[in-house]
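Peer 1: Sequence:
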Amino acid sequence: MKKLAPLWGAGIGLLLAIPLTAVTYLINQLTAWPFPPFTFFDWFSRILPGDLLTFGIDLMIDSLRLVGGAEAVSNAKTAEQLMAVGMFLTGSAIAGAIFFLLMRLIGKSNWLIGIAAGILFA
1 MKKLAPLWGA GIGLLLAIPL TAVTYLINQL TAWPFPPFTF FDWFSRILPG DLLTFGIDLM
61 IDSLRLVGGA EAVSNAKTAE QLMAVGMFLT GSAIAGAIFF LLMRLIGKSN WLIGIAAGIL
121 FA
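Here the sequence shown is numbered in this note's numbering, starting from 1 and rising by one per residue.
What you were told as hints is all true, and nothing was included just to trick you.
Computed cross-link-like contacts, SDA-like style, restricted to lysine to any residue with a CA-CA straight-line distance of at most 20 Å: (1) K77 with I61; (2) K77 with D58; (3) K77 with L52; (4) K77 with Y25.
Derived Cβ-Cβ restraints for the label pairs, each shown as a range: (5) P19 with I94: 13 to 21 Å; (6) I12 with M87: 14 to 22 Å; (7) L26 with G118: 18 to 26 Å.
The set of hints was computed from the structure by calculation and includes no laboratory data.
Where a beta carbon is used, it is the ideal one built from N, C-alpha and C, also for glycine.
Sequences are here, hints too, so could you generate the full structure?
Peer 2: Printed below as a string of structure tokens:
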């Protein structure tokens, strides 16, 4: 069971991120506050090397043209938004796995460590 600790953490991180994403999307729609997955995606795209980003955009546009024809531009924005949410959920799963791994390495369960990690990732 101890070998599954990071896997459990990834699952719990993902399960907590899904309602968080839904609630923050609702808040975004009601108040025009920034939506965390889009903010994370914008930040991430700024730190990527330009060649890698250009390759990714070209690959996405070519794929959408192959599938959708002339509507590639409107579909590209939707695909970008889906990628942003997917990256946010994946990042949350990775954060949960790292947290559970660190808790396993520390060897004791302490609610203060959980609060500190929650503040760090908030």
